[in-house]
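Participant: Sequence:
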Amino acid sequence: MGLTMIEKIIQNNTGKEVQPGDIVTVNVDRVMIHDIFIPFVADKFEEMGFKKLWDPDKAVLIYDHLVPASQVDDTRHFQVGNAFVEKYGMKHVHRSDGICHQLMTEAGYVKPGDVVFGTDSHTTTYGCVGAFSSGIGYTEMASILGIGTMWVKVPETIRVEITGTLPSNVTSKDVILTLIGDLGADGATYQALEFTGDTIEQMSIASRMTMANMAIEAGAKCALFAPDEKTAQYCGISLSEEQKALAADDDAAYVRTITYQAQELVPVLACPSQVDHIKPVQELSGTEIDQVFIGSCTNGRLEDLMAAAEILRDKQVAPFVKLIVTPASRKIYQEAAENGTLSVLAKAGAIITHPGCGLCCGRTGGILTDGERVVATNNRNFLGRMGTSKVEIFLASPKTAAASAVAGRITEA
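Counting from 1, position 252 in the sequence shown corresponds to residue 255 in our numbering; the numbering is continuous, with no gaps.
Simulated from the structure, these hints should not be mistaken for lab results.
These figures come from a predicted structure and were not determined experimentally.
Glycine included, C-beta positions come from ideal geometry on N, C-alpha and C.
Do not take every clue at face value.
Derived CB-CB ranges, DEER-like [to be verified]:
no., residue 1, residue 2, range
1, Gly387, Ser99, 23 to 31 Å
2, Lys19, Gly343, 46 to 54 Å
3, Gly374, Gly52, 48 to 56 Å
Straight-line distance between alpha carbons at most 27 Å, and here's what the computed BS3-like set of lysine-lysine pairs gives [what the hints assert, rightly or not]:
no., residue 1, residue 2
4, Lys156, Lys61
5, Lys350, Lys334
6, Lys47, Lys156
7, Lys282, Lys325
8, Lys19, Lys61
9, Lys247, Lys61
10, Lys90, Lys47
11, Lys233, Lys247
12, Lys94, Lys61
13, Lys318, Lys350
All chains should be built: construct the whole structure from the sequences, respecting the hints.
Facilitator: Here it is in structure tokens:
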């Protein structure tokens, strides 16, 4: 019997034959801690009695959720983080360089075949380059920092095959929202989502990143895309023979296979207040909105900003609608400035913010109040996520979001 991608990655890492359900100890290639969790990780690390990091070069600390500080206590997180870095010699720290999940691949910390854990549920993002990456709590992170290993149960795999060419107004965000709607919020719990098909091959790494990012919204342990030449170029490497062989075997065993014809897919929205409450945009066309948000670790990449700018070019955001744009990293911000994208967005009336997580996680930068509606490109629309519990959050692609900003109501691009 052949192997799925996750089985190959874990087998390569442990040197042992594995099958779904096995409990194994993996050697961790990289970890990510963000500013919200660093005080708790630091406390647990010292409570466990560790005196040094297992490898100061393999730990990354990223300040992104709380920058700039919006509450007085936020500064304590920075102070604790800085003290931990100083005391234990962490070598990789990013202070407002961008959102953690963007930086981990953009800055070259994650490579195909790696095993990576982070203190955030959307750590599944790094599967876009063929890594096994998953979110954990601060106790598990403290343990990894001390010993460099982590136990996992080998997941079963759901194979998702998509073939054909997507319609011009349909993006990878629409694809993953459609899948989440079909699976349900718990339909892939502790399973791997493995994406394949010529539609996937046509996608950029940025588009794959959007899909891997949201895999957790169906409960998935990880999401995986087989590394290819696009992956190698993005990561700045030549793929090794082991990395080239990470694609699943033809006779691999799957718990389920889901297939889509790309040309049959349509623009969709996740409706308040569940990510799996999916409806076609056309069904909600005309619903008035108060705000549009384009950005986050889900859709704040250059191709997302450019897609929005193309729709907004020579147009204006509707009266009484706020359009907030948040690039996913400082690098993307600079690239969008250099190629004129930010100028187009600004002329259309967009508010362009620093790279960070503030609005997505409901901290700062455009939170809403009772009765307001927002069309947003981030990954969660739970009650209270972007303001009060009476805010209605509709999740959409950058194209749908931009078109809705111009119309002042939900509309297809």
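Participant: Given the hint that Lys282 pairs with Lys325, test it: the Cα-Cα distance must not exceed 27 Å.
Facilitator: holds, 24 Å
Participant: Below or equal to 27 Å on CA atoms is what counts here, so check Lys233 against Lys247.
Facilitator: holds, 12 Å
Participant: So the hint says 48 to 56 Å: do the beta-carbon atoms of Gly374 and Gly52 match that?
Facilitator: This hint holds: roughly 51 Å between Cβ atoms.
Participant: Taking only the CA atoms, is the gap from Lys156 to Lys61 under or equal to 27 Å?
Facilitator: Judged against 27 Å, a Cα distance of about 23 Å means the pair holds.
Participant: Going straight from one Cα to the other, do Lys94 and Lys61 come out at no more than 27 Å?
Facilitator: Cα-Cα ~8 Å, so holds.
Participant: Given the hint that Lys90 pairs with Lys47, test it: the Cα-Cα distance must not exceed 27 Å.
Facilitator: Since the Cα atoms of Lys90 and Lys47 sit roughly 15 Å apart, the hinted pair holds (cutoff 27 Å).
Participant: Taking the CB of Lys19 and the CB of Gly343, does the distance hold inside 46 to 54 Å?
Facilitator: holds, 52 Å
Participant: Does the structure keep Lys350 and Lys334 at a Cα separation of 27 Å or less?
Facilitator: Roughly 21 Å separates the two Cα atoms, so the pair holds.
Participant: Can you confirm whether the C-alpha distance between Lys247 and Lys61 stays at or below 27 Å?
Facilitator: Between Lys247 and Lys61 the Cα gap is close to 24 Å, so the pair holds against 27 Å.
Participant: Does Lys61 sit within 27 Å of Lys19, going by the straight-line distance between their CA atoms?
Facilitator: holds, 23 Å
Participant: Is Lys47 within 27 Å of Lys156, Cα to Cα?
Facilitator: Holds, at roughly 23 Å.
Participant: Taking the beta carbons of Gly387 and Ser99, is their distance inside 23 to 31 Å?
Facilitator: This hint holds: roughly 25 Å between Cβ atoms.
When the structure is compared with the earlier hints, no violation turns up for any of them.
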